[in-house]
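Number of protein chains: 4
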Amino acid sequence: MENMLDKKIITIVDEMQDDMVKMRRDFHRYPEPGWTEFRTASLVAKRLETLGYNVQTGSDTVNKDYMMGVPDESVLKAAMQRAISQGADAEWVAKMDGGMTGVIGTMVFSQDGPTVAMRFDMDSNDVWESKEESHRPYKEGFASVNDAAMHACGHDGHTTVGLSIAAILAKLKDSLHGKIKLIFQPAEEGVRGARAMVENGDVDDVNYILGAHFGFKMKKTGSVACNVKGFLATSKYDARFTGVPAHAGAAPEEGKNALLASACAALNLHAISRHSAGVSRINVGTLTAGSGRNIIGDKALLQMETRGGTSAINDYMENEALRILKAAATMYDVGIKIKKMGGAAGADNSPELARYIQNKAESLGIFNNVVGACDFGASEDFSYFMERVQKNGGEAAYIMVGADLAAGHHDSNFDFDEKALGYSAKILTTLAAGLLQKKQ
Amino acid sequence: MENMLDKKIITIVDEMQDDMVKMRRDFHRYPEPGWTEFRTASLVAKRLETLGYNVQTGSDTVNKDYMMGVPDESVLKAAMQRAISQGADAEWVAKMDGGMTGVIGTMVFSQDGPTVAMRFDMDSNDVWESKEESHRPYKEGFASVNDAAMHACGHDGHTTVGLSIAAILAKLKDSLHGKIKLIFQPAEEGVRGARAMVENGDVDDVNYILGAHFGFKMKKTGSVACNVKGFLATSKYDARFTGVPAHAGAAPEEGKNALLASACAALNLHAISRHSAGVSRINVGTLTAGSGRNIIGDKALLQMETRGGTSAINDYMENEALRILKAAATMYDVGIKIKKMGGAAGADNSPELARYIQNKAESLGIFNNVVGACDFGASEDFSYFMERVQKNGGEAAYIMVGADLAAGHHDSNFDFDEKALGYSAKILTTLAAGLLQKKQ
Amino acid sequence: MENMLDKKIITIVDEMQDDMVKMRRDFHRYPEPGWTEFRTASLVAKRLETLGYNVQTGSDTVNKDYMMGVPDESVLKAAMQRAISQGADAEWVAKMDGGMTGVIGTMVFSQDGPTVAMRFDMDSNDVWESKEESHRPYKEGFASVNDAAMHACGHDGHTTVGLSIAAILAKLKDSLHGKIKLIFQPAEEGVRGARAMVENGDVDDVNYILGAHFGFKMKKTGSVACNVKGFLATSKYDARFTGVPAHAGAAPEEGKNALLASACAALNLHAISRHSAGVSRINVGTLTAGSGRNIIGDKALLQMETRGGTSAINDYMENEALRILKAAATMYDVGIKIKKMGGAAGADNSPELARYIQNKAESLGIFNNVVGACDFGASEDFSYFMERVQKNGGEAAYIMVGADLAAGHHDSNFDFDEKALGYSAKILTTLAAGLLQKKQ
Amino acid sequence: MENMLDKKIITIVDEMQDDMVKMRRDFHRYPEPGWTEFRTASLVAKRLETLGYNVQTGSDTVNKDYMMGVPDESVLKAAMQRAISQGADAEWVAKMDGGMTGVIGTMVFSQDGPTVAMRFDMDSNDVWESKEESHRPYKEGFASVNDAAMHACGHDGHTTVGLSIAAILAKLKDSLHGKIKLIFQPAEEGVRGARAMVENGDVDDVNYILGAHFGFKMKKTGSVACNVKGFLATSKYDARFTGVPAHAGAAPEEGKNALLASACAALNLHAISRHSAGVSRINVGTLTAGSGRNIIGDKALLQMETRGGTSAINDYMENEALRILKAAATMYDVGIKIKKMGGAAGADNSPELARYIQNKAESLGIFNNVVGACDFGASEDFSYFMERVQKNGGEAAYIMVGADLAAGHHDSNFDFDEKALGYSAKILTTLAAGLLQKKQ
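Chains as they are written, first to last, in full-length UniProt numbering: chain A, 1 to 440; chain B, 1 to 440; chain C, 1 to 440; chain D, 1 to 440.
Careful, some of the hints might be misleading.
Because identical chains share one entry, a pair is satisfied inside a single copy or across any pair of copies.
[Stated by the list, open to error] In the SDA-like style, the derived pairs of lysine to any residue whose C-alpha atoms are separated by at most 25 Å in a straight line are: (1) 131 <-> 72; (2) 326 <-> 242; (3) 337 <-> 112; (4) 340 <-> 295; (5) 337 <-> 319; (6) 326 <-> 301; (7) 139 <-> 76; (8) 220 <-> 249; (9) 340 <-> 330; (10) 326 <-> 291.
Think of the hints as simulated: they come from the structure by calculation, not from any bench.
My request is simple: use the sequences and hints to build the entire structure.
Here is the structure:
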């Protein structure tokens, strides 16, 4: 490694390692589901402000019309109170009213360089964290204290890395050109948050955007995948069927059977034809129907998702699914309300940026395994950012930073090797710094 | 039995027994499916004319708009030619163009009596007659010579009885008052023909109407059921689904799957809720779909029927069924054409007429078992005649004349004890003659 | 009315009316679901003891092997504690351990008479009672204080009537012969409790058994139906499907889809063929399946019931249903556990006893409307008692005592005219007293 | 083009063009479905014999145990007679008894060279050929004279090319080494014939095998695709369900519904989960069920196929499908017989052979468009030959020879530009001749 700036960054990150672990464990202890990341986001905002960033939150970061799957007002209020009781910054929390918990920190280095963005997600999963002795967070006392919430996908680490990068870039600001935008996104789980930020124009001025995830297919600390392919476009829907109850023995013909409508929908949704242009997916994940054994099933909630190897394939799946849901309701003469709960575009890394990343990863000399192409095979709403930036002529890429995992993602025993925090901060900061060298 | 007229009738019938057997066997040999009864109907018309009846056929007997399930013109033409080659009366056949094979023979005895109607059905079943030695019609040489057609429901006998009654009433005309209408109906199978006659006004002037069937629940020669209840109202539909073919390997998503639409319809039709007010039935009897193993199923024909213990219940079933069929087409984005192929109303005997029948049956002293109420549990389009006559203030009844059976109705080995021909002629003629005693 | 004993009974009941209202309201306030009727049953037992009855409870009244749908031990324990805190008799509660809350009070009048039994049910419904001002129990302060429990089917009144009859018969004991058995049954809702008592032999010595219900098809106070027909035999089942979860995007083929298995079962269960011998019913009342939108549905609970106009028809439905459930599991390669949760036989009143009831109801002169046959069209596990007593050569009957209703049975606004308590006590006591006049 | 042998071959082919057109049109006029190619195969055999080839047919070419979807004996007999009446060679036909219509022509050039095989398919499609004036075969008088049979996939051309190559190689025999095997395969449609030849050991001695198809994704005359990828493995099944008929009105519960079993199977087959490892396909192509509208559907025939991007994926699909079919039968308590009707392996061209082909195609200088990789996306039982040869250490490849098409494959208006015959003969003969230059 001959690049002096990269060398400097690596040294700084090494010095920050202990602080990063502490910060990650603090976030881990107080997990917050999508759109309720009041504690996390307020601490992020406050820290960015302290570091000298211009900080935006609330309706300056998300377009309300595109917020999907937002909890009820009462849930939001309770979450705000809990956040404050758990150490949130009350002033910042107040600005996030309505669940608008996005945070963007911007720093302008010069007028003659590119705008580089990085995105970090902050939300937790709907999982009860393990209380087994073998589970390190529990054993070492930083397991979740919030019911039915757990950082089981590493977003606590992502947020930590984001704040570390913020600190380093601020420190190096005299060596940089252009502008950095650090985007802290709510509600990545359920792929709900990215679109609301994109539709707010948050990345309309961006030339390069980078995203990263711990683990997934890179299950060893010290490895990195530079060109993640195969983001599946996806759409999430809830369908509520409303029928009419009736006594199943005395007057079954008076009922309108929402339970059967939903069962019929489930079967026929799964029978949507495969697509010859690439990967397609359909899943009815949950079905909850009926009021009692001897009552004609008068209501049903069906939660489903479609996916596609491209946005076009997902559109096909989505159109088929919506028609089937409505026809199933008609078939049983019941009402239906369909609500979009989330979605992500399909995407691929910009080839030049992918090559830049691979060169950087190899030149740093810190990774023991630098992988080129790596198939993702799942959905991530970072794809919305990629799609918008690429559409505007910019470049976008997503990398995977290897980490030893205690269990799979979304598992109640999930945990990752915290040394990966450093690897992630090193590669992302050097990538950003490199891009911010370019004068335009 | 003290009634002299009845005594006389019984004697005449006994003398006619051999002729009836001959006539029935002739009709049996040349079975003709619904709307193609050209040979049968032309022989009926000619015979009625000979007996002195005023005879109507063709559009004077059926309302074309209500003829359901009529074969194509080419089929009709071929049937007319075959009929003539098998001994039909060509002049009468010509009047039955378009399948209008109804025949009505009317005789006026006096102006001061009631109008009494009797109905006889003439069509055969879509069954290949047995060629087993144990099957009497085959053994004795009067089995069907027409492919895929057989008198497997006794209509050959009904027609024979009708002509015998015609002869006796003509002979007794001086003893009778009022008017007799002998209605020979096409297309009872599939319950298609009666409505076209009723909607032509054929029974609008009728005070009493009688119908009869051999066998069914009366499986012993010498028995009779006087009050047949529980005619099931019924509706018959054909649904044709039209999709788009596509190669199942190379481009399945380009297809529109009519096969799956029809399969989905079949399942959900059978899941229509039972009705607490009485008997309901649904049956998808045939399903023929697809063009080849490796082609997305681009077309389907589904043949179904609904039934109900009352017309209201059948209406419920029919409405549910039609909605489900359309929704299944929508679900798979395919076209659908639904065509009504037949139907019958629900009905019950007029109580006074039922009592009159039971008294007559008992007074004749010829039956060894006179049953009062008897549950039908099936459909017969005679119910349309009953409904119309009763609606106009008249009385209607349907009886079952017992007969030893060789096999069940519609079976390729069906045959009945021909002694039942005489029993039927006796009870029906004495019933009619009794009613035609009344002066109004 | 010339019968002096009946006259006396009527006078006594009239004097008890206010006490009955008080008692009914007390029971109403503390509703207890099936197998947790600790407060109700212990107060019943104590009262019967006070009145001089020989009292049995616990395993002396129910056969544990036939107790269906019993809550978990922890639920039972909590219910026992709550009962005591709400005024139950702790000593009697202790004897009802394990949910064995049946109570039988026996009094022997003489050795030379018949054994007459009456059955009263005690359990409440899983309904949250209305808090609308128009709802009398709420307005007058005797609405349920227990969450998700309400006497919405009048069993509070049945129990009250049972204790009133106990008091009167005890008072009249010198005028009576034979033996009276007053059976207070748990868990009628879900038709779970009767069979456990029958299989304990509770009615093996009984010559006559009577049951009664308020309201239902008799919706006017002062009316009574003497011959309730058409008890539907029924069976209740829970089916638990167990599959294998998998990520719906990354590896759907690794899942075993219990959700689809249950949906498939639901549809095909409803498609079980109608039965020509009489009424049949099927209902999948609830379906709860899946673990998350993006997880292949790994588990499902389906709650269903069958019914039949006769036990044979219900057996047919049950056999079909069990086969379909298992085949659906096989189809999706998932596990299944099927558990019987309840059931009732079909039944009809003994004709002689029905006539006796009608004569008595008419002779009393207190009813403004005495109805003979009345179709029930639902299920009641009293049919198990009827079946056993009739099988042993005894007679059984079930009557409906009319009552003005504020809302339908099982509705959160259900309430009945308390004057009906008196009507019920009068007819049942006079019926029992009449039977207990017979010397054998 | 410097290669003198290639130059010579091209000249010869150009001289043969008119004869090839004549031959193709003769084959086109007498299309014969799989296993009934008696006329075609006997003419092929005779011609090969004339050219000096050692010729095998009948059981010397196919393993009877692996012949799938063979017509009934009576159909075979009729086809043999028709073939002879249409100009077949009766002696050769006699050797093809039982539908064993495979023909192999072998010529040994020397002992020191490789064994090169080429495969040509001979069967026609189950299509009625167009009688529109715009359809050249009809207009020019060489349209099919056989009912329901048409060369709608170009096999008439394939056979013609095969015989042309046979003639050229025979003429050039002194310039060649090793051995040539020209395999004329029956029953490619339905992917039935190849396996029976492979399992007879027909290619066990083969070092190189080549196959070719007109058109498909190469829709322009003068183009060629050298490396066809993505043969889908496939399995074909017929499932026959056998139930019990019953009158749908009078006794529906006595039926066993094979129609609903097949409909249920169809829906659930299409709901088999997608596979994350690659392409999967399922198709129920035809469904024929039931006996009459008012009869419980007592029988059903379901024709289906699975496919997979690899043999492993197809195995997964096949296993799922077989389980579902059986479970659907169990669900409706009906019998089922499942019969394998065809199948093909997945396959890919041998990389070295693919490169050789591309070099040859480019060096010839006759093609205006030489395409490298081309995705097939369908099934071809040539894959069985490929699999076997590759397994034995040999090389295999399949090419597509471009042709202007009048309509898509299997369409009743299908026709192809006959200039493509020459292109195909040129590339295949030069490829074979090149391989036969190698001394071993």
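Evaluation of the provided hints:
1. In this assembly of identical chains, the alpha carbons of residue 131 and residue 72 lie at most 25 Å apart only when taken from different copies (23 Å versus 30 Å within one copy).
2. Taking the shortest Cα distances, residue 326 and residue 242 sit within 25 Å of each other both inside one copy (12 Å) and across copies (20 Å).
3. In the homo-oligomer, the alpha carbons of residue 337 and residue 112 never lie at most 25 Å apart, since the shortest distance is 51 Å inside one protomer and 68 Å across protomers.
4. When the C-alpha separation of residue 340 and residue 295 is checked against a cutoff of 25 Å, the pair qualifies only between copies, where the shortest distance is 18 Å, while the shortest distance within a copy is 29 Å.
5. For a Cα distance limit of 25 Å, the shortest separation of residue 337 from residue 319 qualifies both inside one copy, at 16 Å, and across copies, at 24 Å.
6. Within a single copy, residue 326 and residue 301 get their C-alpha atoms as close as 14 Å, and across copies as close as 24 Å, so both meet the 25 Å cut-off.
7. In this assembly of identical chains, the alpha carbons of residue 139 and residue 76 never lie at most 25 Å apart, being 31 Å within a copy and 34 Å across copies at closest.
8. Only between protomers do residue 220 and residue 249 lie at most 25 Å apart by alpha-carbon distance; the minimum there is 22 Å, versus 60 Å within a single protomer.
9. Both within a single protomer and between protomers do residue 340 and residue 330 lie at most 25 Å apart by alpha-carbon distance, with minima of 20 Å and 21 Å respectively.
10. For a Cα distance limit of 25 Å, the shortest separation of residue 326 from residue 291 qualifies both inside one copy, at 22 Å, and across copies, at 24 Å.
This entry does not satisfy hints 3 and 7, going by the numbered hints stated previously.
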